[in-house]
Amino acid sequence: EDCALRVTTWGGSYQATYQAVAQKFEEEHNCRIEWVVGASPDHLIKARLGQVDVVTNTLLNSIAGEKEGLWQKLDPAKIPNMANLYPNAVHSPYTVFANVGDYVLAYNKDTVTTVPATWDELWKPEYKNRVVIYGIDHIPTLSLTVLQAEKNGGSIDNVEPGLDRMAELIKSGNLIGSLDVESQMVSLFETGDAWLGMLATGRMKELLSKGVTNVSFVRPEEGTFPLITSVNIHKDAKNPAMAAAFVNYILSSEVQVAFATRNLYAPTVKNAEIPDDFEFRDLLVLNDAFGRLYLPDQEKITANKAGWQQQLNQKAMR
Amino acid sequence: MSNDSIQVEGITKRYGAMTAVDNVSFDVGQGEFVSLLGPSGCGKTTTLRMIAGFVDPSGGLLRVRGRDVTHLPPEKRDLGFVFQNYALWPHMTVAENVAFGLKLRKKNRNFIRDKVAEALTTTGLSGYENRLPRQLSGGQQQRVALARALALEPQVLLMDEPLSNLDRALRVTMRRELKELQARMKMTTLYVTHDQEEALSMSNRVVIMNKGQVEQVAAPFELYENPATGFVADFVGITNFLGGIVTSAEGGGVEVKLGSGQMLRAVTKQPVALGTKVRALIRPERVTLKTTAADGDNILTGQVVLAEYFGALLRYSVRLDSGDILRAEVHNFDSFIESGSRVWVCVSPEHLRLIPDERNA
Amino acid sequence: MSNDSIQVEGITKRYGAMTAVDNVSFDVGQGEFVSLLGPSGCGKTTTLRMIAGFVDPSGGLLRVRGRDVTHLPPEKRDLGFVFQNYALWPHMTVAENVAFGLKLRKKNRNFIRDKVAEALTTTGLSGYENRLPRQLSGGQQQRVALARALALEPQVLLMDEPLSNLDRALRVTMRRELKELQARMKMTTLYVTHDQEEALSMSNRVVIMNKGQVEQVAAPFELYENPATGFVADFVGITNFLGGIVTSAEGGGVEVKLGSGQMLRAVTKQPVALGTKVRALIRPERVTLKTTAADGDNILTGQVVLAEYFGALLRYSVRLDSGDILRAEVHNFDSFIESGSRVWVCVSPEHLRLIPDERNA
Amino acid sequence: MTRWDISSIALRLVTFSMMAFLIFPIAVTLIVAVNPREFVLPPNGFTLDWFRAAWSSKTFLRGMGVSLVLGLAAALIANALALPAAIALARTNFPGKGAINLILMTPLLIPTTILSLALYIYFVRVGYGSGLVPLLVGHAIHIMPYAVRILTASLLNFDPSYEEAARNVGAGRIRTLFSVTLPVIRTGLISSLTLCFILSWNDFPISVFLAPPSWTPLPVELYSYIKFQYDAVAAALASSLILLSAVAMVVIDRLAGLRRVLRS
Amino acid sequence: MTRRILPLLSPALLALLLFVAFPMVWVFRTSFNELAEGAYIVEAMTLENYTRFLTEPWYLVNTLWFSVRIALLATAISVICAYPVALYIAKTSGLQRNVLMALTMAPLLIGLVTLVYGWIVIFRGGGLMNSLMIALRVYDQPVRYMWDIKGVVILLVYIGTPYIVLSLLDSIERINPFLVEAARNVGANRWTAFWKIVFPLSTPGLYAGLVIVFSLNFAAFAVPLMIGDSNTQMIGLVIYREALLNNDLPFASALSVIMVSVNALLILGMSALAGRLILSRLEAKR
Ligand SMILES: Nc1ncnc2c1ncn2[C@@H]1O[C@H](COP(=O)(O)OP(=O)(O)OP(=O)(O)O)[C@@H](O)[C@H]1O
Ligand SMILES: Nc1ncnc2c1ncn2[C@@H]1O[C@H](COP(=O)(O)OP(=O)(O)OP(=O)(O)O)[C@@H](O)[C@H]1O
Ligand SMILES: [Mg+2]
Ligand SMILES: [Mg+2]
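Protein chains in written order, with the numbering used here: chain E, 1 to 318; chain B, 1 to 361; chain X, 1 to 361; chain G, 1 to 264; chain L, 1 to 286.
Think of the hints as simulated: they come from the structure by calculation, not from any bench. If you're wondering where the values come from, they're calculated on a predicted model, not measured in any experiment. A portion of the hints provided could be inaccurate.
Stated by the list, open to error - If you want the footprint, here are the derived chain G segments under chain E, 3+ residues with CB under 8 Å:
(1) 139–147
(2) 207–217
(3) 220–226
In this text, a Cβ means the ideal position worked out from N, Cα and C, and glycines have one as well.
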């Protein structure tokens, strides 16, 4: 019989890794995988419409989907590899983390001579028009906002001080931009336009492997902001058993290592062994680094970010 | 198919408040050649376009071959048409323009080639096969438009001033060719022209239009010799009008007293009532001018005010003593009469026509 | 400004391999009315367009008002122009079309309004001010084109068949109006027409063109009575040609032996050498037809093969016994000669012209 | 009348500066595509690696194929729908014409993101969630207003007597359309088809939502690629496309030129 | 009349009904729903999404009015750039014409996504544009183009221009050359002949191009997304963000409804103006 499993993925290298490892799964289970390629929001929309079985998601999407009741519970009996997950890689009975990257503080070694130790560096006046961050509705920037709120006497429930700091940053003229397209940030570091800024580890690797030697990175003392890939099974999955099998496969050390070495997304299972000679080992958020991830309450962020953005816009523009 | 006639029954076309064609009726019998003649803007083109189906009539009925075609699409009417503004397809060569209709009829290639060559020869355009319309002179374009219609050998042919841009010599030739073709093929033909000579020489009958209405439908000779209205008399050929009142009428002889008091004698076919206001019509070529005193019936005196030379003819304008201007044409002349000369004007009673004076009726 | 003349000196226009205008020279003096007359496609429009500056000449020189304008842009030439295909601006109303040139000259509003009204009245278009060109009949559009040029009161006016789409009556009126306007304003006028009657009646001189070349430049009477070539004779008016050889020439009297052996006598002004091959020209209106035997000079016999009625004239085609076809026109007639009748053809020696036979020279 | 006067020189100047403006970034893209290290100017070397990578990527090649087929099909469908409407709009005046005009523009007024999302949801609801139909319909409907506008503009300058002449010699409406109307408005039609094709070729939001798994058009593939992988492969791909179309232009010109020679 | 028009219009109208009107019903309905906890959609009947936008001056000024202004500005510049090009191309033929056409279309053919490469190289702080301008002494400090509204406008112009060239070309080409000659003859120089004859007669094409490009600009999201930054609150981008990044479909739907209405009003205005000025005179009725 014709077995097909619909799995969402982002395009490009993520899909490439997926495809490379999926071949084995397809053969073993005699089931073809149909890749549903798209940007993160598409994944959610397609899930809403019941067009997918296994959803590779951002955590934000997973949370929204949970609230809408889109997912089915992940059954550890059918997904034995769940047992190997780090405890904080299990978000809920519906959502687990497939892999994790983080946003580090990248800097140009030629122009930033002392290694920055804190995210506050971004505000320093000497970096006028030299700083890049993600767009203000992206998770790392939202996290930075909450972080700043906490550092300035606020909290996630009183984010005003954080917003003020962000507005200050915007108005300071330090920012080259707050960007939506990650790859542009890479090129800004490459050309030397950007001296300091957030960068996902995956992008950092790209820079390094291109032979860019004057850009380095640091994980500031406050911690870094995680980039989480979560995974869900749709409640109306056509073949739940096969979906569970695939999730199990994603959590296998083989696939975990593949994503780590190819895309720099660190494993979320304890039993994945990264080769010691792996060139970019430092870039991976391994074992204990997990604990240092700055992960404010995602649900609160989700619920409030629209309001925050609007406030920030007003603060920054007036 | 045996009855290739056209009937136009009370057809009307309004553009907003303005009536371009007003309740026009006439018909063209099988194989007949009828001309639509009238002044600029009188509705000739509009009438023709309604028959061809390009303009929707506001009212009235059209029959072609006995069939009501008032609402038939143009391509179903099977009528040849020559456009006043040529309407040559700009993307096709001369040959392609002419061949298009034949191709639609799925004729074979050799047949088409021959017919195209024939039509182009008839219109004097051999050698221009591969030109595009914009590379042709005005007259050449007009001939292509004609060739395009003729190549289809239509049984019913409508033409809108197809020779207006041709020189006289070519026009005379084309006129002959057309007439001969029409006679040979027994084409039912409706011909719009503003050229009375063309209308008179080619037609079996002529429809005179004025301001959207039909003034008279008659055979050429009848039209010229017995115009129904002053408009027709004036429009078909040149006419002198002299207004007067009938003072005596006995048998065929009638006496008219002109405004100036002078008397004119006329021979009429229809009886005329005594005392009717009439206009006496005199064709210029019927006027004889003498530079010496003359005697007899219908002699008026006057002075030549203008002499125009047209090669084959001399046209004089004479101011009669009554003040009226009278035109006289002289053919086959050997001497000029100088402008300013005093002249005696003679018109024989047989050449005087009387029509009721509709101006103040 | 006192010298509003046009000189055309050896102007030539080639389109690829084809020469549309070939080394044409003539001139139009100040206030003169000159017509360009010739068959369709002979290069009239092209010549005019070169003078106006729309077409670049391939060679030759153009002077207007004594100044070399060969490479001047059209708007600097200050010439009125009436287009053969009207070229009305479709987005402007009739009044706007006419007013456009005046507006460019920065005239004040009242002045413009008056001039527009005047030009429209002259062309019989009052009441059509607010129509768009596509809402007009062919003839009306042509008159707008004329009004547009006249409103500017140009000192030099070029017109390309400006009356071709008008009915005869209107044409005659417009012709008069134009001529009168031209005379009053002393406009230097070059007038393209295919209508010989128009050319002859309006012009001071006529330029006859054929196949891109000038055949003759002459005053109308000269042209008609003394055509330089067979082409001119044939094109200007209708002519009968009879070929022969001069057998005796004494003073003004010449005897020509026709191909058929018959002798014709002619009176000539220029001396003719004995034995020259000539063509005798006879204008149809100079031919007298008799149905009874006649005697005297220049009598030929034949048979009427066609009788055409044109209202004011009857045209007969007579097959002479020699086989030649001879045309005769009769004006002021009272009876027809039936087709098939035997006739005697008389031509007086004064009405016979001789031209060298260039066909086999 | 090609004389050298100020206005024609100015026109030429403006045109050529505009051309420079239009191709400047393309030229830069070309340089980027042969530069071993992207974004660093002046170039620090020459490489065809990016081209090699672009042309050995099955994803891109397939994406290109999909976009090509999709673009052609969508352009044809859109124009087929638009042409009759354009004829009605250009030829006749009828009550409510302004409204119809606007209605025909609606796909242009709605943000593409929303339109495609709505279309996607709609198709899923009516049971055509996957397959090619939604993708094709989405593209065609989105580009239709462009076709309507351009064709209407074309037809406004069209002399209706050309059509009358064709109808008169016996061509039906359809035949007249193909033999006379379309050839006469050729430039407009080609503009419209080209524009429609290009719009479809470049479309991203509609394809993202409506493309079935194995039919991903090029822009989606490209976007997914550069979102995570920022190298000059995309630039190389773009450069190849420019070169290809340039070659096609020359070839078409030669062929068309040849035809003209053969004809005369 | 309707007998002749309906068959002509019905295919397009039917397609629009099926594939625009019906789907838009859903959008309209969604605009009254609610986003709960910033995450999931709850069926509701609330005007909240509309009032949130329409009662907030910040949105009205910085999003709606801002988008209209930018779209108008970019469209106007595109027209100014495109017109001479179309005029020039209309006069050429053969290879020259094909090459010019290819160059004009090239930006469209390549697509925005890849072109951004080139633009970054040109626009960035020490990029070609700044180097050139500083060398030409237009200004002496690098100016920001990338991630700035200047860059957005330049790119919108860059993309809009070819569309206008294309739609103008046909209208210009079909102008009967005699009409220009007639104008020159009554004393119009090239410039006047252009303004009084060529320009009015090209308005159908110009209008087509205007409407297309204005709508494209007004709804633009890809350009502001890639070239702009958070300050570039073009409404198209806001909708995109709300719908796809914030999952706020109800708000995005409401914004879409507002945007469609505004755009429709603007286009109606433009068409009324164009119709009044010229189009109605060119309509081919006999
Ligand atoms: N663009 C062109 N390319 C090639 N030949 C042309 C072109 N324009 C005109 N001709 C040719 O040049 C010749 C002269 O044309 P022109 O228009 O001057 O004739 P015309 O004397 O005005 O004729 P008509 O009385 O028919 O208008 C014609 O044979 C015509 O076919
Ligand atoms: N679309 C239109 N709108 C308004 N009036 C029109 C329209 N078309 C024609 N007319 C008017 O209708 C009348 C008749 O026009 P038509 O073209 O039939 O005249 P015509 O007899 O062919 O004249 P001509 O000999 O000048 O060609 C004219 O007065 C013209 O102005
Ligand atoms: Mg007419
Ligand atoms: Mg001519």
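Against chain E, does the stretch 139–147 of chain G show at least 3 residues with beta-carbon separation below 8 Å?
violated (count 0)
Counting residues of the stretch 220–226 of chain G that have a beta-carbon nearer than 8 Å to any beta-carbon of chain E, does the count reach 3?
holds (count 6)
The stretch 207–217 of chain G covered by chain E? Criterion: 3 or more residues, Cβ-Cβ distance below 8 Å.
holds (count 5)
Comparing the model with each numbered hint stated earlier shows that hint 1 is the single one that does not hold.
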